[in-house]
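K.L.:
Chain by chain, the residues:
2 protein chains.
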Amino acid sequence: MTSPLEEICAEVRKRVNPSESERKKVQELAKKLTEKVEKAAKENGVEAEIRVEGSVAKNTWLRDCPEIDVFMRVPTTMPREAFGNVCLKIARKATEGYKQIERFAEHPYLEAIMDKVRVNVVPCYRVKRGEWISATDRTPFHTDYVKPLLNKQMGEEVRLLKRFMKGVGVYGAEIKVGGFSGYLCELLVLNYGSFIEVVRSAGDWKERIIIDYEGHYEDRDAAENIFEEPLVMVDPVDKGRNVAAAVRKERLDEFIAVSRAFLKNPDLKFFYPPEVKALDSRELVNKIKARGSAIVLISFRGATLVPDVLWGQLYKSQRALRKLIQKHDFTVLRDNVWSDQKNLNIFIFEVENRFLPNMKRHIGPPLRKKEDCEKFLRKHVGADSTVSGPRIEEGRWVVYVKRKYTDVVNLVNEKLGDGGANVGVAEVVSKAVADSMEILVNNEVLRLYSANPDFAKFLTEYLEGKPRWLT
Amino acid sequence: MTSPLEEICAEVRKRVNPSESERKKVQELAKKLTEKVEKAAKENGVEAEIRVEGSVAKNTWLRDCPEIDVFMRVPTTMPREAFGNVCLKIARKATEGYKQIERFAEHPYLEAIMDKVRVNVVPCYRVKRGEWISATDRTPFHTDYVKPLLNKQMGEEVRLLKRFMKGVGVYGAEIKVGGFSGYLCELLVLNYGSFIEVVRSAGDWKERIIIDYEGHYEDRDAAENIFEEPLVMVDPVDKGRNVAAAVRKERLDEFIAVSRAFLKNPDLKFFYPPEVKALDSRELVNKIKARGSAIVLISFRGATLVPDVLWGQLYKSQRALRKLIQKHDFTVLRDNVWSDQKNLNIFIFEVENRFLPNMKRHIGPPLRKKEDCEKFLRKHVGADSTVSGPRIEEGRWVVYVKRKYTDVVNLVNEKLGDGGANVGVAEVVSKAVADSMEILVNNEVLRLYSANPDFAKFLTEYLEGKPRWLT
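These protein sequence lines map, in sequence, to chains A and U. So in my numbering, the last spot in the first sequence is 471, and the numbers never skip. So in my numbering, the last spot in the second sequence is 471, and the numbers never skip.
Hints are supplied without guarantee of correctness; some may be wrong.
Which copy is meant is left open, so a pair is good if it fits within one copy or across any two.
Derived pair list, reagent style DMTMM-like, types lysine to aspartate or glutamate, alpha-carbon separation capped at 20 Å [claimed, not checked]:
id : residue 1 : residue 2
1  : Lys-327   : Glu-352
2  : Lys-289   : Asp-407
3  : Lys-402   : Glu-43
4  : Lys-42    : Asp-329
5  : Lys-342   : Glu-111
6  : Lys-206   : Asp-372
Derived by calculation from the structure, the hints in this document are not laboratory data. Computed from a predicted structure; not experimentally measured.
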């Protein structure tokens, strides 16, 4: 008799493990692409070692989303600019005739769609271990490290873990997600032995987690002092690097919580969550009304950037806006940001009350600071800004002054009218905000909601306010 | 050339020092009353020593408000009940034919109005120093202590200080005020030498003030540990008693602040503040509107008690109500209480917003407490009370739940409908509240405001929100 947990895992295995023919097809495609890149490199006079890396090389790719990474390892003598330009040119040539999307991480690379499979052609330097020049130089070392350690069965465990993480929304090291990379999943499986053991361990993670699989450090303390992140996986190929550096605290917490939930009630929905069904307009209006808060959308258009840069700017701007709103005494219940990553971007700020009283308490010096008290009284007694007071409260002078912004919409309008760069809105976001900001409150959000099905799902989930897997 | 400060003091001296004929009149009245009490005591078979005490005995009374205290010192053999009843009977007999008001501190005493002068006939035990039985037993010792030390000039200094404290609202040890007693004023003048020196010193008071004029304690530390109050004046006749025990921190702070203000700008208004002119209805409505807050009056009638007991209950109830309102997340900006001390009592609670959102954040356990988390999730996932969530915020489970009271008026109405004894409203107040509570918000306050000129002045001052002397 198998346990429900085993049954679920068996079912997922069936879905994530590619068939022999699928594997063959992908491998052949990878080989074909490698040859094309080799040829194009030669034509461009670049002496490069062309290798398949990533999940295809390590045989840890998911059946429903294969992604082929082909790396060009170029000599360290190649100048940085050529490294970018020439390699991009080679990649373009190699994928000629296919749909191409130029991408950018630390340096540009090319994504293309070949026979419905996503492929990436990425340059890196052929360096000695430890002498890293570009961010991608470690990748071949990762492949070489992991490949011999992961047998077929362990590869299946990695697939389970990846699918699980995708299903619950913690997969991906990109800025938008701030979650777990594929390489991190592989190392977790290596370290704990299986998908279930990773999940079981994660459910018990309490303090900071430090994993040093290769034993680069003498003890936990030594590693603990080197790194700052909440989750540390010392890179087996580079003791100074944390493979989990991109994992934000929120994603880590979610992974811990979902691991517990899954062990308690194993279910396919963790791996394959149901589609979110957006509320209809009437339901939306009712939900918003039932909260009694003020949901403020700040939308703007433009800010065309590669995703990591866009999300970096969006998150930075979100933090700045949250601070701005809080600084003016509005109680922010929650906030979030959405983007279609092409044109439309929307900040959500939910505040307790759209309006604050005209009068606010301004706390002055304690009585024992005689001179400060004199200054305070000189400034506030009978001043235009004084509504009531000054008076003594709990040993301090206190005055009730006129509040500058009693409506959060006025505050945002005024501070962001020029883009809000001086309140900390990130550069490109700021320009787009200055050109096209709109502010919508509560029922007014219907306009954006009805016109954008993806945003509608996002706002529906926002209002639900809980992880999809939590039922 | 005299300084403005000296000029002001000279003017006040003229007003507070009784003329020779006034002094004579009061002394004769005191003598007459003493004889009447002696006679009545004898008639009742009580062997008592009858003495004039207080400001008349010490010649520190204010010209515009003489008050004669006549004490009956009875033998310590008299049982406590007779001490109350019989002495009251004697006092009534002695003041027969004059207006009489029965008063009550620790034990009953009689107030009467004779020839327009307020007189008090008070019993106490004729004890040895230190062997106190009733609270008034120390009074004759106070008189005996102070009298030989205060010459005529020092008596005038005491009068200045008392008038000053009355003018700025810090005079009186009764519960309503929580300020400085006459005896405390006398000791302050003895300690510092003059009115001006008291005020000058008070302006510099920073930490806790400990004055041990008779040097009962070895050093400051020894006295500091015995007493708890912010201002300590060790009683010269009883080292275990703080003469300033009744002085609340707020009154002390006000005295410090006003001392500084007076020294900076000496003015008659400190001693003789102008009458408060109540706002007219229209001004009142505008002022309330300009604040943008919610001013909530809770009025009730009855609760007939002697002032100290009434104010004790009112203050206790005020604290309980403040806690209740804050506990339900309303932000209390300020609160106060008013009473005509006969029938009508009014609590004022000013809150930031009358309404709160329907939804409130309820913070659950941190992730690392696994079992607590499970319990939390079991309780809140899909519960009727859940509006949004649960979700993880900063390492804790959090859920947004329905708020029970979104309107402060509903809260008060429901919690005080039965008098509110179980939320801490004091007993007699609670009964009166249950019978006659009314709640008025903002413009609705006009009804009570227009019908009660004294309350109108009080609310006007409340809105002004600063000490009268602060201009």
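K.L.:
Each hint: holds or not?
P.N.:
Hint by hint, here is what the structure shows:
1. Lys-327 to Glu-352: both (14 Å within a copy, 17 Å between copies)
2. Lys-289 to Asp-407: Classified as both; 19 Å inside a copy, 16 Å across copies.
3. Lys-402 to Glu-43: Result: close neither inside a copy nor across copies, 72 Å intra and 69 Å inter.
4. Lys-42 to Asp-329: The answer is neither: 63 Å in one copy and 72 Å across copies each exceed 20 Å.
5. Lys-342 to Glu-111: For Lys-342 and Glu-111, only the intra-copy Cα distance (17 Å) is at most 20 Å; the inter-copy one is 86 Å.
6. Lys-206 to Asp-372: between (47 Å within a copy, 14 Å between copies)
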